[in-house]
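All chains should be built: construct the whole structure from the sequences, respecting the hints.
Protein chains: 2
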Amino acid sequence: MEKALSLTEENYIKAIFQIGTTPESNVSTNALADSLQTKPATVSDMIKKLSYKKLIFYEKYKGVTLSESGLKEALKIIRKHRLWEVFLVNHLNFKWDQVHEIAEQLEHIKSPELVNRLDDFLGNPTIDPHGDPIPDANGQVQLGSSKLLSEMTSHENGIIVGVKNEDPLLLQHLDKINIRLGLYIEVKEVNGFDQSMQVKLADLGTLFLSEKITSQILIAKNL
Amino acid sequence: MEKALSLTEENYIKAIFQIGTTPESNVSTNALADSLQTKPATVSDMIKKLSYKKLIFYEKYKGVTLSESGLKEALKIIRKHRLWEVFLVNHLNFKWDQVHEIAEQLEHIKSPELVNRLDDFLGNPTIDPHGDPIPDANGQVQLGSSKLLSEMTSHENGIIVGVKNEDPLLLQHLDKINIRLGLYIEVKEVNGFDQSMQVKLADLGTLFLSEKITSQILIAKNL
DNA sequence: ATTAATTTTTAGATTAGTCTAAAAATTTAA
DNA sequence: TTAAATTTTTAGACTAATCTAAAAATTAAT
Ligand SMILES: [Mn+2]
Ligand SMILES: [Mn+2]
Ligand SMILES: [Mn+2]
Ligand SMILES: [Mn+2]
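Residue numbers (our numbering), protein chains in the order written: chain A, 1 to 223; chain B, 1 to 223.
Treat the hints loosely; a few may be bogus.
Note that the list lumps identical chains together, so a pair holds whenever it fits in one copy or between two copies.
[To be verified] Cross-link-like lysine-lysine pairs, in silico, DSS-like; alpha carbons within 30 Å at most:
| hint | residue 1 | residue 2 |
| --- | --- | --- |
| 1 | K164 | K212 |
| 2 | K176 | K110 |
| 3 | K3 | K221 |
| 4 | K95 | K3 |
| 5 | K200 | K3 |
| 6 | K147 | K164 |
Calculated from the structure, these hints are not laboratory results.
Next comes the structure, spelled out in structure tokens:
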């Protein structure tokens, strides 16, 4: 019976998962230090420990990748984080910009029974309030294919299915201009210089969006 | 702005509150060590820290008492613990013997907003699944006056309003013999030697209870 | 292919929380 | 009211997680 991961270890495993584009990509010491708001020296130490515990593969100066068991742990934490976000938004009436911080704490509660009952209570949701997929009890993730709004060109259209970033300032701004998941959006015009866009939102009229914002919005790929 | 208490500090504050009969009673080093499953030497150290932070009053060799701010913190933690227990039992279908451990973790989640919304979601309950009162947002506790079943004599009767202990073995046993909160109970006979009792439960017939058990069951005082 | 810049690791400290063993104070009992 | 038992505190050490400063390795630029 391996001892349970500490809160810190869990945060490292999750960060490695989230920084890596694919589960195979190498994650650098500095990237982890940035993401975890700590120093590279600290990361070096922790990396050695996680490697010793076989949660990651590590070669000096070469960065790290999650092992099978590390990936499993990462998905468990992310599952919890996203389920709790659904609970907070759907049942406690939090806004989508208020839940990330709280979920950062709740994701570390240890009780498999709790997670599964919460999942059932919520109706086994497949996405969280930001459109991110929720891994199931076996760690399976339903990856709905999507593209960035910023990658679309004039006259293309689609349904908004997610936001890449959970920065409250971004989310509050999207609220203010009536952008939310599920809405139909149509690209009217793209400015060739700064990539800013004029878009039409369902029946809510048109608006201008900077590239900073369009690069955070995910649109369903109509297959 | 005082820094938030650590998880460990919170557990000490809560234990001091729970061991003391009244908020004024002195709590000994050994009692804390027992309750927190740690060593007296460790308690001595922590006590100094809490005293420095003015959460407790402490005189060497004389035990500790909660200060005003310490008491406030204790009530906040207990409020959270009990609200989460209500959530687990009423909404996630946990049994009353399964929730204590999980609530021990959840009680440390830091977000006043979360606690208050949870309270509303639950319908502002005043007692938890074990009959313990839930402090309100201002730390006010509604103390329903009760006495121990073991203190009652032949032919006395009343309503079961709580259990003193959350040991899963006790709670599971009470389940098995159909004892639960809200039931009418009548003392038929008390054995003078071992204080064991024959009691009649609502319309569920009679049963024998040892003093070990009767001393854990709380009955409403009919004023 | 050297040199310069950047990244990563090591070395040495620090803090929170814990422990064991021993000393000191208090309480209980003779 | 001494002596014995118990409780509590101190002393010294350990682990996890962190830091700063310096050394080593890698990568980028002349
Ligand atoms: Mn989040
Ligand atoms: Mn999310
Ligand atoms: Mn409890
Ligand atoms: Mn309870």
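Status of K3 relative to K95 across identical chains (alpha carbons, at most 30 Å): between (36 Å within a copy, 27 Å between copies)
Copy assignment of K176 with K110, given that the CA separation must stay at most 30 Å: So K176 and K110 pass the 30 Å test across copies only (28 Å; inside, 36 Å).
Within, between, both or neither: K200, K3 at alpha-carbon 30 Å: neither (53 Å within a copy, 47 Å between copies)
Homo-oligomer pair classification [K164, K147; C-alpha up to 30 Å]: within (11 Å within a copy, 57 Å between copies)
Intra- versus inter-subunit Cα pairing at 30 Å for K164 with K212: within (11 Å within a copy, 58 Å between copies)
Homo-oligomer pair classification [K221, K3; C-alpha up to 30 Å]: Classified as neither: same-chain Cα gap 42 Å, cross-chain 47 Å, threshold 30 Å.
Hints 3 and 5 from the earlier list are contradicted by this structure; the remaining hints agree with it.
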